[in-house]
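Chemist: Those sequence lines, one after another, are chains A and P.
Heads up, the first sequence is in the numbering used here, so the first residue is 1 and it goes up one at a time.
Heads up, the second sequence is in the numbering used here, so the first residue is 1 and it goes up one at a time.
Keep in mind that a hint or two might mislead.
As a list, the in silico DSSO-like pairs of lysine-lysine whose alpha-carbon atoms are at most 30 Å apart [stated by the list, open to error]:
id, chain 1, residue 1, chain 2, residue 2
1, P, Lys105, A, Lys299
2, P, Lys105, A, Lys141
3, A, Lys299, P, Lys113
4, P, Lys46, A, Lys296
5, A, Lys366, A, Lys352
6, A, Lys141, P, Lys50
7, A, Lys46, P, Lys46
Read the hints as simulated data drawn from the structure, not as lab findings.
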Amino acid sequence: MGSSNSLDTRTKKIKDINMSKAIIQIDANNFYASCEQMIDPSVKGKSLVILSNNDGCIIARSSEARNMGIPMGHPYFKLKNKLTKLNVNVRSSNYELYGDISNRLMQLLRKNCEEIEIYSIDEAFGTIKRPKDKCLYQWGKDLRSLIYQNIGIPISIGIAETKVLSKIANHIAKKTQKNSGIFDIGIIENKDYYLNQIKVDNVWGIGKKMSKWLKERGITNARELRDMSINKIQEKYGVVGLRIQNELKGKVCIPIKEISSDRKEICVSRSFSYPIDSIEELNQAISKYVLIASSKLRKYNQLTSAITVFTRTSPYSKDFFKGEATEKLNIATSDTRIILRQSLCLTEKIFKPYKKFIKAGVILHKLQSNQYKQRSLFNERGIHEEFHMERLNNLIDTINARNRKDVLNWGSSTIAKDWNPRREKISYLNTTTIENIPTVFAN
Amino acid sequence: MYLKGSYSSKKEAPSTQLFPLASETISAGFPSPAEDYIELGIDLNKYLIKNPISTFFLRVSGNSMNNAGIYNDDLLIIDRSINPNPGHIVVALLDGEFTLKRLIKEGSNYYLKADKENYPAINLYEYIEIEIWGVAIHSIHELKRLKI
């Protein structure tokens, strides 16, 4: 066994010399709409739009709806009549479903790439080995059909030597029908032909300011940006500018980050379904957000050392009002009781009578890992009590997670909850709760 | 260069949350010799689900698949990673609904057929819009008490 193993590693090393690393960038097409179409056959292949939190704006469209010319980001109430006339299906966002499908997508990618960096709910970077001078189109095609078979979600794949180029490749993959969602810009003859077509605004990392500056100097596309004077760009934008330019040249400057760095803050905020003007209701809302935020905190094994509570009225109202208050904690904690008590004190401070609040939220910041917890000299609570509180909190999280609903709550958050965000058009179909799975007909 | 499907490796996180109550308490006395032997119990997820990534659940409505052992209100487990082959019970997308049928091959034609007499078979070539959504691998049937 031993000898065959060493032979294996030797041949592997020889093979590696003929391999280079390719970076792939993957994103799901119209992700939210695709999730709904996967789980709900009544909207499959039909025009469909998804509304943002509180049914405010259109945040996703199926390709069918996009082809009908329905705009992205527009307020729903303005388009309501048009959508009904055109027979477009409308859904509130169903984050339970999107979260589950995203999770499955990332697991599939992790199995098929060497490294993977999850970039957003529907987007990831990965690396794979490229056999010398070999186009990875077929590999991408196989991955695409594998993902469609397993979870029913269509994806686009861009393949290149660097992250910036892989983004461009993905862009081209989406734009041209004949690529069927895959484009490998790594080893093609006419690379410049494609880079000429990419506007500088669409190059990853180029913001509005920088693109304006570039255009003033006659740089309009990715090819021109790649070939422009190094000194000029370095003088104005330093390392950041050089990095983008080098990536366009095919030199890796922005590596894959496999483990996302610890989050620095947690923000939980929601719009209400109707304006609230009493301190009781505001307290209730804040309490609810504290529960969500602190259980997130414990999930990632972190502690918070500062709390911010904020609320605001509608920005369109005449007497716009925004209240915000922050409190530092002496000892970092993840204990719901302490965070809740502080947050409610802060709510008291920012509340103003006769104001109609439409949004509120809680931010936990200055997060630190629970492993390096500092014991304060002035810690009045014994370590023993702290240990018990930690277990109580974790137990409540576990019970709530197992029951899928917050069966255990803390006093201030339990009164009527009808200010909860509006989700009138939600399909309630999902893949994670047994009451809401779709029906299959045998009749 | 080969793609890995969703066949699970052992490295994956366990699919269940089973919590033995006795494992973490602090006791001052002599530790229970059984402590190290606490088992987590039978994991039905492990038994019923081979590929968590590609497994989905559907609720059955109707009795046309009774002969296949699938009844109204059963909980159906679907594994999308399985390639549908003749003989499989499949979930198909038909006229905006999920339909449960058996995939049959006769000659060179593929059909979807209910496991019940007098149900017409659907010829797959006649329906262009049809899509096989997944292969059913288990049906969970609750045994109800009869009134005797």
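Chemist: Work down the list of hints and note, for each, if the structure agrees.
Modeler: Tested hints:
1. A distance of roughly 50 Å separates the Cα atoms of Lys105(P) and Lys299(A); the hinted pair therefore is violated under the 30 Å criterion.
2. Distance restraint check for Lys105(P) and Lys141(A): the Cα-Cα separation of roughly 28 Å lies within the 30 Å cut-off, and the hinted pair is therefore satisfied.
3. Between Lys299(A) and Lys113(P) the CA atoms are separated by roughly 48 Å; this puts the pair beyond 30 Å, and the hint is violated.
4. Pair hint Lys46(P) plus Lys296(A) holds up; C-alpha atoms about 28 Å apart against a cutoff of 30 Å.
5. At roughly 28 Å between alpha-carbon atoms, Lys366(A) and Lys352(A) fall within 30 Å of each other, so this suggested pair holds.
6. Taking the CA atoms of Lys141(A) and Lys50(P), the gap is near 25 Å; set against the 30 Å cutoff, the hint holds.
7. Annotation: proposed proximity of Lys46(A) to Lys46(P) is violated, straight-line Cα distance about 37 Å (limit 30 Å).
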